[in-house]
Structures are given as structure tokens and as C-alpha cells.
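2 protein chains.
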Amino acid sequence: MTARPALTPLAASLPATVPFVGPEALERTRGKAFRARIGANENGFGPSPKAIAAMQAAAGEVWKYADPENHDLKQALATELGVAAGNVVVGGGIDGLLGLIVRLYIEQGQPVVSSLGGYPTFNYHVAGFGGRLVTVPYSNDREDLGGLLAAVRRENAPLLYVANPDNPMGTWWEANEIARLIEELPETTMLVLDEAYGETAPASAIPPLDVSRPNVLRMRTFSKAHGLAGMRCGYAVGEAEAIRAFDKVRNHFGMSRLAHVAALAALGDRQHLARVVADVAESRDRIAAIAAGNGLATVPSATNFVAMDCGGDGPFAASVLQGLIERDVFVRKPAAPVLDRCIRVSVGPSADMELFEEMLPKALAAARASA
Amino acid sequence: MTARPALTPLAASLPATVPFVGPEALERTRGKAFRARIGANENGFGPSPKAIAAMQAAAGEVWKYADPENHDLKQALATELGVAAGNVVVGGGIDGLLGLIVRLYIEQGQPVVSSLGGYPTFNYHVAGFGGRLVTVPYSNDREDLGGLLAAVRRENAPLLYVANPDNPMGTWWEANEIARLIEELPETTMLVLDEAYGETAPASAIPPLDVSRPNVLRMRTFSKAHGLAGMRCGYAVGEAEAIRAFDKVRNHFGMSRLAHVAALAALGDRQHLARVVADVAESRDRIAAIAAGNGLATVPSATNFVAMDCGGDGPFAASVLQGLIERDVFVRKPAAPVLDRCIRVSVGPSADMELFEEMLPKALAAARASA
Chain A
1 MTARPALTPL AASLPATVPF VGPEALERTR GKAFRARIGA NENGFGPSPK AIAAMQAAAG
61 EVWKYADPEN HDLKQALATE LGVAAGNVVV GGGIDGLLGL IVRLYIEQGQ PVVSSLGGYP
121 TFNYHVAGFG GRLVTVPYSN DREDLGGLLA AVRRENAPLL YVANPDNPMG TWWEANEIAR
181 LIEELPETTM LVLDEAYGET APASAIPPLD VSRPNVLRMR TFSKAHGLAG MRCGYAVGEA
241 EAIRAFDKVR NHFGMSRLAH VAALAALGDR QHLARVVADV AESRDRIAAI AAGNGLATVP
301 SATNFVAMDC GGDGPFAASV LQGLIERDVF VRKPAAPVLD RCIRVSVGPS ADMELFEEML
361 PKALAAARAS A
Chain B
1001 MTARPALTPL AASLPATVPF VGPEALERTR GKAFRARIGA NENGFGPSPK AIAAMQAAAG
1061 EVWKYADPEN HDLKQALATE LGVAAGNVVV GGGIDGLLGL IVRLYIEQGQ PVVSSLGGYP
1121 TFNYHVAGFG GRLVTVPYSN DREDLGGLLA AVRRENAPLL YVANPDNPMG TWWEANEIAR
1181 LIEELPETTM LVLDEAYGET APASAIPPLD VSRPNVLRMR TFSKAHGLAG MRCGYAVGEA
1241 EAIRAFDKVR NHFGMSRLAH VAALAALGDR QHLARVVADV AESRDRIAAI AAGNGLATVP
1301 SATNFVAMDC GGDGPFAASV LQGLIERDVF VRKPAAPVLD RCIRVSVGPS ADMELFEEML
1361 PKALAAARAS A
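Those protein sequence lines, which keep their order, are chains A and B. Read in the numbering used here, the first sequence has 127 at position 127, and its numbers run on one by one without any break. Read in the numbering used here, the second sequence has 1063 at position 63, and its numbers run on one by one without any break.
Honestly, the hints are just simulated from the structure, not real lab data. Note that this is a predicted model, so its numbers are computed, not measured.
Per label pair, the in silico range of CB-to-CB distance:
| no. | chain 1 | residue 1 | chain 2 | residue 2 | range |
| --- | --- | --- | --- | --- | --- |
| 1 | B | Val1277 | A | Arg35 | 37 to 45 Å |
| 2 | B | Glu1184 | A | Glu107 | 34 to 42 Å |
| 3 | B | Asp1285 | A | Arg35 | 52 to 60 Å |
| 4 | B | Glu1177 | A | Leu81 | 49 to 57 Å |
| 5 | B | Pro1049 | A | Glu107 | 43 to 51 Å |
| 6 | B | Glu1184 | A | Ala6 | 17 to 25 Å |
| 7 | B | Glu1358 | A | Ala240 | 40 to 48 Å |
| 8 | A | Arg153 | B | Glu1107 | 28 to 36 Å |
| 9 | A | Thr188 | B | Pro1015 | 19 to 27 Å |
| 10 | B | Asn1176 | A | Ala6 | 23 to 31 Å |
| 11 | A | Leu81 | B | Pro1015 | 24 to 32 Å |
| 12 | A | Thr79 | B | Gly1109 | 41 to 49 Å |
| 13 | B | Pro1208 | A | Val21 | 29 to 37 Å |
| 14 | A | Arg270 | B | Asp1285 | 49 to 57 Å |
Straight-line Cα separation of at most 16 Å, EDC-like style, residue types lysine to aspartate or glutamate; simulated pairs:
| no. | chain 1 | residue 1 | chain 2 | residue 2 |
| --- | --- | --- | --- | --- |
| 15 | B | Lys1032 | B | Glu1326 |
| 16 | A | Lys50 | B | Glu1061 |
| 17 | A | Lys64 | B | Glu1027 |
| 18 | A | Lys32 | A | Asp328 |
| 19 | B | Lys1050 | A | Glu61 |
| 20 | A | Lys50 | A | Asp269 |
| 21 | B | Lys1064 | A | Glu27 |
Note that the Cβ used here is the ideal one computed from N, Cα and C, for glycine as well.
Could you build the full structure based on these sequences and the hints that come with them?
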């Protein structure tokens, strides 16, 4: 065998993996397109028409790199949030920012606390930087804040990841519960509070921003309520010094110019956002009604998706999921024990819901027949 | 002082920096826009109208994440290049891919060889992962291939960065010289061959692709000749196992959907590419003629920019640069000794060249007056 450049021991130990298989890969395997794309927590109600128009208008300008300081977007976000621009960092989606956070705070072997069944991409980054993932099971389909705090203390963990509202279950904690977690957290532990679904949650679930705390990073995105997943634009809000640390490692010219333009326009279109939030809530109810019509329960959700209990074990839910995919409906499901009894259905326009309503009983029947 | 989460020792040691100050930051400081943006090696001739139209048509679809496998674009690139899709990885510009490469191959303290005055963003990534940068001075405004090879051998360096054509000087080596470097390189050293400017170079400067070699990664981009800098789409071509390693650490959902669409359309518009390459060559000649008209020499260039010798030392060139910026012409300059006698002027449409022609003598006169 020829000699070759050696990967670092850490890199060599990592699998070449994809945290989520994309619907396009499934479509290629199936040889045909999905008719309803309601599996990736995307927002089928789409972005603001103003964001679309802004991207179209700016398409000829993309020979220019974007402003590496993301100045205008940070200013607009700061104004919107009532913080200073120095309290905001913009990046390529929350995913990209999560990678930077793990890189900034975790050395190889250090513990990182998250929930068992929590966000796989965060876990991917923890593994990617050699962190040791410590997980705490969900409790009644919610992240177990007390259990997470206990794990942080036991492990003296530098990093804790909590999503509120949660993915993949859609559940949430009220702001006062999150505030208590923050109060009780060791000052030396950074809480990564993923609020990707914050806009679709009850206002009572989102604690006020407090950028005086050096150990909380609030993660937000234009991918969900704003319908700009494909543009990759997320941001973190936090204490100025914690935010400045991103400048040590981020890819300054990594943002797309059109992502800037789209995010600015989306931020300015409150009317569209309010309409989408209402549409999302209506679609969540519709999913719950469809489930109920099939004798199934759903988990209350503050997000743009609903976890539906298929009424059996993990393999049974996997079989239902497979039946839906075979029937041109793209959905996903949680993988961790207990949660895995569910499939996860993203909201979508009426046509998506109608197809789901048509196909769910067939998928259930097929799963029951083969059980 | 309140306790706070600790950055890793490496992260704590890094400065919060921007490898390049963007023209937008200068505009904010100046309080007015530049009239000619010819400093960032962007391509003012712009992207293919087909790429613009494709982005405009797809703008409403950006609620969907992009395919995390980048399947269609990798296939198209593979076909174009005569390799397999498994020999191609797509990422957020060459910058993003360079970061992944350093992460994959360099542990803290390991040596990385590059040229003194070479690409600052590569150096930023080396520092960011704790690598030890070993630099070799340019020789006659070209990267010193023999010197780089000697440094690799002396240091037993796992990584070597070479840009061909070069940035910031625009010079190039013929393919046979690069091929000889590859032949002589230790098999355990990965050569990162940055060919961002490959399309504007003489065909004789680009060695044929050989994806059987595990120790060469050829870096390409849609930012330069294709005029899509603001979309962030670059790729690496190499041996399949070396390419697969990116899947261990890349941000799978990090690509913009519109970047895919634009890159695919750009790739299909050979006519536009040929026209831009001709425009770039013409503009390089124009820059050289403007320099000559002011009694200045330029460095022969295979890129979309020209290094112009201001005829003095580094501070004098900096003064000329400052005079141009004050006169609404955005240019940049190399920072390393000897190279720093030059300013670096990117190509651009006639209006940019006319303004540059008008302002250069004034900036030179002002610099001479204050020298």
C-alpha cells in the first residue's frame, strides 16, 4: 500500500457520515420525487415575498463577497432584539455556529451535556472535536432540565445544549423554568440555548434576553419561521465577549450575499411572519386532528412540526414511516428510545396535509399487517 | 470578576480578527461608497446571465434545505472534469474547505508550509487549529517551489499550501513545474493546490487531474472566473478516500440552495465563461498599460488581478493605496516584504478602469509629495 497523508488521530477515528439523510437522497433511491416534503422541519409556507423579491433583485450583485462583518444584518437584528450589534454574531445557520461553539469551548475528552435523542448535528460537532457526549433521557417527552443540570454538575461540563422548544419532540418549557436553569447553572458552563423554533412558540416560553450573562448563547435562525432554510443564515445572541470569541474562528467570508439580503427583508416583513406563525399553528392542529382521526395521539408542539405517537414501539413507527415514504410523503422520526415510538411530521400547506391525511391510514394499515 | 466559561487554551490564544477588512467596512469609515470596487479579486464582469436567471427562478424554493450530498453539482463537476463524483467535495468556497483540510490533517504544533505573503485566510485556519506556520519567501515574485519542498522535507510537514496561479502576485508556474513538485513531494505530505484562478490562467499552467494520488487536493471555485463570490461555492478534487474524509467534519447542510443552482447554471454556460476569460485578459492588459503610462511596471498575471510595482518601498505603496481609497477606488496590497512594494488591482469593466486611470496619477503624486 502506498503511503498517504495521515489524518489526525481524532479525524481518523471519526466516521464519514451524514447526520441526516436528505430527502433528495431518498428521492434518488426511490427514483421519484416526494409529493409532500414534510420531514425536515422546513417551512412549506415559504419565505416573505419581500425576501424573494430582494434576492431576485440582488442576484446580479453576487460577484461581490458579502460584508465579512455582516454589519447591516447585525444592526437590524440588534435593533429588533433590543441589544447592541456586539451582542450578535451571524453565521451559516445554527448548525455552523454550533460547530464553532464546540470548537471554542471543548478540548478532546471534555464532557458535553445534551439530551438522549437531542439534536444529532450538535452531537456530530461534539464528536468532531473529540468531546465526550453525556446524555440525559427525556422525561415525558420533554428535555429533563433537572437531569441536565445534575449531569452538568456531576461532570463539571463546560457546555450544555438545550433546545427550547425542543426538536425532535416539539415540546417546550416556560420561560421561568429556563430562567431557573440559567440561574442554577455553574457560571463556568456555557448554555447553548437553541431557540430555532422560538417564533412559533408561545411568547411565555422565551425568556427575556439578558446579554450581561457570559454563559448563555441564544441560538436563532431564519430557517424556520422565516422560511429561509436553504439560504443558511442563523445567529447567536449573547454577552459581548462571548460573541467576540466567534471572530477567532469563524469563516469571515462564509456568508452568502443573498442570505444577508433575504434575512434583512424577512426581518422587515412582520406581517408575513405573523401570517406564517398562524399558518404553522393551524397546520399543527391539522396534523393533530389527522392523528386523532386515526386513533393516534400527538405530542403538544411549539414548533413547526408535530411528533405523532404511532401507538406501538420504535420498529412499528419505523414501519409507518416507511409506508409514508413509499406513498410519496417525506417524514422523519426520532431515533432514541421511547421517543422513537413517534414519527415527526412537519407543517405544510393544505395540499401536503391532504396527502398526509390520505396516506397515513394506508401506511398504518400496512405497518399493522406486517407487524 | 464573575467566573465565565473558559475557552480552550488554543481558542483563548487566538486573536479575534478579520483576515481581510471588507470594502464595506472601509465605506462605513469613509462615509461614502467606492466608485470602483477592484480590490478583492472579485469579478466585476459578473456571473452568467443564466446563473442569475436560475437564482431568480429558484428564489421561492429556498424554504428547502439544499441536498446535503450536493449530488447534482458533484455529478456535473465530475462530468466536466472527467473524474468520478466521489473525487469531488463541494463546500462554502475554498476558504471553508481550507479550514476543513487543516482540521483534518493538523494537530496542535504540527508544521504547515506556505509562502511568506501567501493566502492570509489559509494562515488564519492554520493558526485556528494550532498549526505552526512555516513560511518560505517568494522568489522573483513567484512562490519558490524548490524552497517550499525543502521546507516540507526539513520540517516533515503534513501539509503544504501552494497557489497556482498565485495570489497576491498573480504569477504562475507551468504545469510541468507543478507536476515535478508533486512527484518530489513526500507521499505523507498533502499538497493543497489552490487553483482558484485556474480558469484565467494559460492552459499550460494547469496540470492534468490525477485522482489516483492520495496527497494532492486541487481547490477550485465559482468565486472568480464564474463571478459567484457572494454565493460561496468552492470544491476540491482529489483521490476518493481523501475526498471522503471531508464527510467526517463538514457541515453537511451548510451549502446554500441558490449556490447550487447558480453553480450548475454557470457550469453550463461555457460561452459566458469564455467571454469573461477574454474580458479578464483584456482588463489585465489595460491595468498594465495604465501602469506603464505612469512609468510603473506590473507583474505578469494569470489571475483576475495585477500586482503593480509602485516604484518604491512598502510604505510608499501603502501611501499610493491610501490615495486611491480616498479617491473612491478600492484596491488592496500585499503585506509581506518585497511583495509589499506593489498594490494589487483587480480587473473590472471599463468604467472601473477609467476611474483607476484617472485616479492613479493623482494618488502617485500625493504619495510622492508626502514621501
